[in-house]
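*Asks:* Those protein sequences? They're chains A and B, same order as listed.
If you read the first sequence in the numbering used here, its first letter stands for residue 1, the second for the next number, and so on.
If you read the second sequence in the numbering used here, its first letter stands for residue 1, the second for the next number, and so on.
It is worth saying that the hints were derived from the structure and are not from the lab.
Even glycine gets a Cβ: it sits at the ideal position worked out from N, Cα and C.
Just so you know, not all the hints are guaranteed correct.
Between beta-carbon pairs, the in silico distance windows are [what the hints assert, rightly or not]:
1) B:Leu456 / A:Gly21: 35 to 45 angstroms
2) A:Arg123 / B:Trp334: 47 to 57 angstroms
3) B:Leu514 / A:Ile65: 53 to 63 angstroms
4) A:Gly21 / B:Val386: 54 to 64 angstroms
5) B:Leu522 / A:His186: 55 to 65 angstroms
6) A:Ala108 / B:Val389: 49 to 59 angstroms
7) A:Asp214 / B:Ala537: 48 to 58 angstroms
8) B:Pro368 / A:Asp58: 33 to 43 angstroms
9) A:Arg4 / B:Pro382: 27 to 37 angstroms
10) B:Asp435 / A:Gly147: 28 to 38 angstroms
Below, in silico cross-link-like pairs of lysine to any residue (SDA-like), each with a Cα-Cα straight-line distance of 20 angstroms or less [what the hints assert, rightly or not]:
11) A:Lys70 / B:Ala442
12) A:Lys70 / B:Val441
13) A:Lys203 / A:Val45
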Amino acid sequence: MFHRFGTVVALDDVSLDVAAGRATALVGESGSGKTTLLRCFNRLVEPERGEVRVGEVDVRDGSPILLRRKIGYVQQHGGLLPHWRVLRNVALVPTLLEQQNAEAVARAALELVGLDSTQFGSRFPHELSGGQRQRVALARSIAARPGVILLDEPFGALDAISRSDLQQAFDELRRTLSVTTLLVTHDLAEAARLAGEVVVMRKGRIEQRGTMRDLVHAPATEYVARLIERARAGLEALVS
Amino acid sequence: MRMLAFLMTAFCSIGFGGSGRLSTESYRLPVDGDLLIAAGQTANRRVVVASKPFGESYLLAEMFSQLLESRGFTVERRPGLGATEIAFDALRSGAIDVYPEYTGTGLVAILHDTIPDSVAADPRAVFAHVASRFEEAYHTRWLPPLGFQNTYAIAVTRATADRYHLRTLSDLARESAHLTAGFTADFIGRSDGLVGLSRVYGLKPHAVRPLAPAVKYQALASGAVDVIDGYSTDGLLARYDLVTLIDDRHFFPPYEAAALVSEQLERRLPGAITALTLLSDRLDEKTMRQLNRRVEVDGEDVARVAADELRALGLVGGATTARIVARERESSFWQYLWDRRATLFSLTLRHLLLVAIALAAAVIVAVPLGLGLERARRVAEPTIGVLGVLQTIPSIALLAFMIPLLGVGVIPALVALWLYALYPIARGTYTGVRDADPDAVAAAGALGTTPAQRLLWVRLPLAAPIIMAGIRTAAVITVGAATLAAFIGAGGLGEPIVAGLALADTRMILSGALPAAALALLVDGVLALVERVVTPAHRRRRLWQTPVST
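With the sequences and hints as input, model every part of the structure.
*Replies:* Right under this line is the structure:
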């Protein structure tokens, strides 16, 4: 895939396979192209050149609106509709898909992310904590049981404890649903914890892809090595 | 569209049916035979009689009206039209049929002519000159003069006259650097007013204050200004014992009063012309001063004074009706309001309808416009900027612009009010929708909502409070601006305000201004309730917490 924003090359002939039912993390600094790549999957970005396939189907066949209803999406600031109660927020995609039992589906999704639907369902987003809001956003993204979910720094704005709780909740959820997951994060530890495969991006290119173990033991480039080294130094600074 | 037509019809019938004017309940002419005969043919025997916004003009127009009514014509009264330009434009466009005008005004303010020296001293020659020029230039006709002149009377208090030895306008010019002038806006701008006085006499007052006609005599008496422009037939000149300075260089042309009639009236109802001509040469200056005094100083009802005079002239027969009640200015203000409740109610209703229709039309246009601009942001600011510029046009000027296009009355007033209401609503809608929670809008898009769903489910609900703030602002502006609609004959609560200003009657002004203020509060309050209903649930607060937006 190739894509530019104006004259800035965001994706420079990137090619990536994501294993079905597994989690893949895209890591890199701001401007590395990881979010652009993510957004190509639900056509929030239409690449200038190249194609995106899910299974055997090119995502460009058919309407982007219908496509997005089949792909879960969570952004950093959950993007809950502030004037809708939690349950209605979670029922958004089932409602768009005209499912008869949208409310029941939404309640089930809330339980899956660890929220009591009777306690939280009728609250407004501003009546929740930051962590609870992201859980609701997560519930909304999986309510209609999509085959794929895209997460763009979903836990980036949370405090460390909430983040850790949520990472655990998400990991369990993902395994239960065995949903194909693409996670954008700048946090290597998060990538290691949640994703089997890590893709390091830089300046619109893929530097290396593999397990975290591969990255640590056999960094493919100078950049990856520096990235690992920096993460390690950060941890050690904490301990000493 | 059909709804709009219906509303307009309902509106006009309420409006005109209830157009009690300032005279309303006080007096009705005895219904004589030919009026009943006329009832079946009212439509084609209808004459629209207008006046300019000062006492004598009201009085003369009322005399025209009653005279026509006694001869079986149906009269629609449009008193207090803006000023010379508005009244004359209305006449030319056929929106009104007749109003009282003065030859000097016609010569200088309308024809922009100067007096030919050959005829300067002879009022009848000036009249003939003006009449023929109007005939050829505007196809409007001056009926033979009513018999009196009402020229500008540049007046000072006796004390000022004594102190500076003022007798003539030349004397005034000599001392003018020590004096503060209080002139009406009309006079300041007219070439037969201050402009010409400065040119001919070298008049250069220390300061010039624009004053409403209603307050200039009080301002002079209280010493706030030293010299004012009055009319020679003003009832108040005598009351305050003022000195009228002599026009020693014959600057002012003769101002003979006469009925100015439209071409259509002459063609359509020659009988009306005949009726109006009955007044020609029947009113002298002394009489007019007395009549003006009764209206302006004693506060008598215009309709009654007009009826008395017509009866005295033998132009209208019959006995006085029993309904004439002396309403002295001493009776309490609340009693005054109570006496006029029917009139005020119909004026308020009409005012409310003006506001409601203009506002509804503005919402129908400006909300979609704001939404459209949000989709075309490049042109958004320029477009809203243009609407903003409209906002800076003074209401009275905008109303005046409407006359050549739409005549006078309800329609041009609605269009002007509509134009004023567009800006706050379009701005509120555009800004509200543009700035609606970007994260929520983005997330809704990423999960597969259509643009229409995002608009209806996310953007509009989130923008609703800001859109409503714009609508409330527009509503309050419209209630206020609608009072000025009276200047172009659209009625409403501006009518007693304009009349009160013209007749120097504070209670009459208040009888329009207080209900208008109450109406503004009421409309804003009702819209506050609407705002509460449309405000997204998560943002609702207690009802009166949000301040009135203006």
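*Asks:* Now look at each hint and say whether the structure bears it out.
*Replies:* Going through the hints against the structure:
The given range of 35 to 45 angstroms is respected by leucine 456 of chain B and glycine 21 of chain A, whose C-beta atoms sit roughly 37 angstroms from each other. A beta carbon spacing of about 53 angstroms between arginine 123 of chain A and tryptophan 334 of chain B agrees with the range 47 to 57 angstroms that was offered as a hint. A C-beta distance of roughly 56 angstroms is found between leucine 514 of chain B and isoleucine 65 of chain A, which places it inside the suggested range of 53 to 63 angstroms. For the hinted restraint 54 to 64 angstroms between glycine 21 of chain A and valine 386 of chain B, the CB-CB distance of approximately 57 angstroms keeps it satisfied.
A hinted range of 55 to 65 angstroms holds for the C-beta pair leucine 522 of chain B and histidine 186 of chain A, which are about 57 angstroms apart. Here the CB-CB span from alanine 108 of chain A to valine 389 of chain B is close to 57 angstroms, well matched to the stated 49 to 59 angstroms. A hinted range of 48 to 58 angstroms for the beta carbons of aspartate 214 of chain A and alanine 537 of chain B is consistent with their spacing of about 51 angstroms. Between proline 368 of chain B and aspartate 58 of chain A the C-beta distance comes to about 37 angstroms, which sits within the given range of 33 to 43 angstroms.
In this structure, arginine 4 of chain A and proline 382 of chain B meet the distance hint of 27 to 37 angstroms, their C-beta atoms being roughly 30 angstroms apart. Between aspartate 435 of chain B and glycine 147 of chain A the C-beta distance comes to about 35 angstroms, which sits within the given range of 28 to 38 angstroms. Distance hint between lysine 70 of chain A and alanine 442 of chain B is fulfilled; the C-alpha atoms sit about 17 angstroms from each other, no more than 20 angstroms. Distance restraint check for lysine 70 of chain A and valine 441 of chain B: the Cα-Cα separation of roughly 18 angstroms lies within the 20 angstroms cut-off, and the hinted pair is therefore satisfied.
For the hint pairing lysine 203 of chain A with valine 45 of chain A, the CA-to-CA distance comes to about 17 angstroms; that is within 20 angstroms, so the pair holds.
Consistency with the previously given hints is maintained throughout, with no hint failing.
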